[in-house]
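Asker: Sequence:
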Amino acid sequence: MPHTLASLVNHTALKLTVLAGEERLDVPVRWAHASELIDPVPYMEGGELLLITALKLDAEDAEATRRYVRRVAEAGVVGLGFAVGVNYEGVPEALVEAAREQGLPLLGVPRRTPFIAISKAVSAAVAADQYRAVTAGFEAQRELTRAALSAEGPAELLARLAAHLDGWAALYDASGAVVAAAPGWAARRAARLTDDVGRLRERPAPASSVVSDTDGDDRVELQSLGTGRRARGVLAVGTGAPLGTAERYAVHSAVALLTLTTERSRALQDAEQRLGAAVLKMLLAGEPDHARAVAGRLYGGLLDAPFRVVVAEPVAGEGQGSTVSAGAGATRGLDGLADAMDSAAARTGEAVLAVPDGDRLIVLVADGGAAADACAAYAAEAEARAGAQPRARGRAGRAEAGHGEGVAVGLSAPTGPTAAANAYRQAEQALSVARRRGRALVEHEDVAAGSVLPLLADDAVRAFADGLLRALREHDEKGRGDLVASLRAWLARHGQWDAAAADLGVHRHTLRYRMRRVEEILGRSLDDADVRMELWLALKATSGAPGE
Numbered sequence: 001m002p003h004t005l006a007s008l009v010n011h012t013a014l015k016l017t018v019l020a021g022e023e024r025l026d027v028p029v030r031w032a033h034a035s036e037l038i039d040p041v042p043y044m045e046g047g048e049l050l051l052i053t054a055l056k057l058d059a060e061d062a063e064a065t066r067r068y069v070r071r072v073a074e075a076g077v078v079g080l081g082f083a084v085g086v087n088y089e090g091v092p093e094a095l096v097e098a099a100r101e102q103g104l105p106l107l108g109v110p111r112r113t114p115f116i117a118i119s120k121a122v123s124a125a126v127a128a129d130q131y132r133a134v135t136a137g138f139e140a141q142r143e144l145t146r147a148a149l150s151a152e153g154p155a156e157l158l159a160r161l162a163a164h165l166d167g168w169a170a171l172y173d174a175s176g177a178v179v180a181a182a183p184g185w186a187a188r189r190a191a192r193l194t195d196d197v198g199r200l201r202e203r204p205a206p207a208s209s210v211v212s213d214t215d216g217d218d219r220v221e222l223q224s225l226g227t228g229r230r231a232r233g234v235l236a237v238g239t240g241a242p243l244g245t246a247e248r249y250a251v252h253s254a255v256a257l258l259t260l261t262t263e264r265s266r267a268l269q270d271a272e273q274r275l276g277a278a279v280l281k282m283l284l285a286g287e288p289d290h291a292r293a294v295a296g297r298l299y300g301g302l303l304d305a306p307f308r309v310v311v312a313e314p315v316a317g318e319g320q321g322s323t324v325s326a327g328a329g330a331t332r333g334l335d336g337l338a339d340a341m342d343s344a345a346a347r348t349g350e351a352v353l354a355v356p357d358g359d360r361l362i363v364l365v366a367d368g369g370a371a372a373d374a375c376a377a378y379a380a381e382a383e384a385r386a387g388a389q390p391r392a393r394g395r396a397g398r399a400e401a402g403h404g405e406g407v408a409v410g411l412s413a414p415t416g417p418t419a420a421a422n423a424y425r426q427a428e429q430a431l432s433v434a435r436r437r438g439r440a441l442v443e444h445e446d447v448a449a450g451s452v453l454p455l456l457a458d459d460a461v462r463a464f465a466d467g468l469l470r471a472l473r474e475h476d477e478k479g480r481g482d483l484v485a486s487l488r489a490w491l492a493r494h495g496q497w498d499a500a501a502a503d504l505g506v507h508r509h510t511l512r513y514r515m516r517r518v519e520e521i522l523g524r525s526l527d528d529a530d531v532r533m534e535l536w537l538a539l540k541a542t543s544g545a546p547g548e
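For the record, in the sequence shown the residue sitting at position 208 is 208 according to this note's numbering, with numbers rising by one throughout.
Quick caveat, the hints were computed from the structure, so don't treat them as lab data. Be a bit skeptical, because a hint or two may be false.
Unchecked claim - With a straight-line cut-off of 30 angstroms between C-alpha atoms, the simulated DSBU-like cross-links for lysine-lysine are:
#	residue 1	residue 2
1	15	120
2	56	15
3	478	540
4	120	56
To be verified - What follows is a set of in silico ranges between Cβ atoms, one per label pair, in the way DEER data are often shown:
#	residue 1	residue 2	range
5	212	445	25 to 35 angstroms
6	149	242	21 to 31 angstroms
7	377	494	43 to 53 angstroms
8	508	461	30 to 40 angstroms
9	348	418	20 to 30 angstroms
10	377	242	31 to 41 angstroms
11	520	498	46 to 56 angstroms
Please read all numbers here as calculations on a predicted model, not as lab measurements. We treat Cβ as the ideally placed atom computed from N, Cα and C, and that holds for glycine.
Construct all of the structure, not just a fragment, from the sequences and the given hints.
Answerer: Here is the structure:
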């Protein structure tokens, strides 16, 4: 424990006496310093015992003494040591009264006790305290290392660390979720800090921050784990007071051990990722048997049950439409999605096959599993956050607002190894729809069960439609008839002349004449089903409200 004024007073060789400030003798002493300057404050750091003989100070002048004592007390000096019998035979009453007014301890130093003896005593105590702290830190390091190597691993390490700090500790994974806490009640407290953890994870590792628990008296320190661009996890420690030297050693040791654990896990994940890439390549090449053989025990279970294919990619920022971009915000969105699925799968013990493919991420997840649920939840949260923000103007703004976290996801229908290539195409189609609609996630079932008309919003489709109908519109603009409206009515009535003519309010012979003019202008026959289909879709693509 730190050296205090009380321990100096109890030092039998020094024979110090307490003249004022008896109630504050438990204050730690950082150093002992002798100075006869009228204003020693510029040379003080705080925490010192200031030793004086009042060589230049008129200690019997009440006002001058009061100013001197007030100034050194405000500078953080923890006590005054006055040499009795050097410049004054006794201790001036003005000095005693000034010390009492400030609540500053005043110690009488007998003539036979040199100031150097007090400085040596403080120095020896500080050195001993530092030695104890270093020794305790090394012992904590050994204890935490044994815990990290135990069967419980990080959980046991957190328990030992919390006991050493007389506080609590929690570990967050790469997605910001609490994966372990000690003692058990700390998990709820740690969960309240997820926003602070998220902000720390945005900074390159290593990084740290100190936060206050608004619902308690804890001082919480957050330390990121990892050595790469992104934090692989975060350690939180909560204590009732700032960390001392020994506690700081323990926290640094825990950070190093947990970082080593996460980086080692990352190396294993990289090896698994290379294996997963080989399995995925064989599945998409139509070689399910070879894929099973390579998958082995690592991914074999995933291939034995229905799985889904996820294709995700980052999306551009505002003003770039649906163009793919690898900007920082988009990359964070894709990383966040991967972390969410990995963390969910790790908690349930299910396998996830994730393979980066350029700016894309391809993932095989168990149908109905935790990873698939985490993917859907991540997308839903992103869209909810985007919905709470002001909408940007234009199509590009709508796309960015909808994607929220800068990611678009396509999800296939449940499938098996023999149909993996088809599932991949389904996921790509769903991804394309997600980009067009400004959605964070679209499932293939939604595409198949929905309407094709929203897909007509694509610029290329609109350009084709405008080109196909341009001649008819130019004809109508010259006042030669209403061919576009007549064509729309006739197609809507499936070529029924009387019904379409009635909708237009014209004679059926007039409508027949107009349809012949449509054929002449376009150079196409309306008897051709493909021509009728193209014209109908062109009308829908260029109408003000698709689907009406």
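Asker: Decide, hint by hint, whether the structure agrees.
Answerer: Hints, one by one, checked against the model:
{"no.": "1", "hint": "15 <-> 120", "result": "holds, 15 angstroms"}
{"no.": "2", "hint": "56 <-> 15", "result": "holds, 25 angstroms"}
{"no.": "3", "hint": "478 <-> 540", "result": "holds, 23 angstroms"}
{"no.": "4", "hint": "120 <-> 56", "result": "holds, 25 angstroms"}
{"no.": "5", "hint": "212 <-> 445: 25 to 35 angstroms", "result": "violated, 47 angstroms"}
{"no.": "6", "hint": "149 <-> 242: 21 to 31 angstroms", "result": "holds, 30 angstroms"}
{"no.": "7", "hint": "377 <-> 494: 43 to 53 angstroms", "result": "holds, 45 angstroms"}
{"no.": "8", "hint": "508 <-> 461: 30 to 40 angstroms", "result": "holds, 33 angstroms"}
{"no.": "9", "hint": "348 <-> 418: 20 to 30 angstroms", "result": "holds, 26 angstroms"}
{"no.": "10", "hint": "377 <-> 242: 31 to 41 angstroms", "result": "holds, 38 angstroms"}
{"no.": "11", "hint": "520 <-> 498: 46 to 56 angstroms", "result": "violated, 23 angstroms"}
This entry does not satisfy hints 5, 11, going by the numbered hints stated previously.
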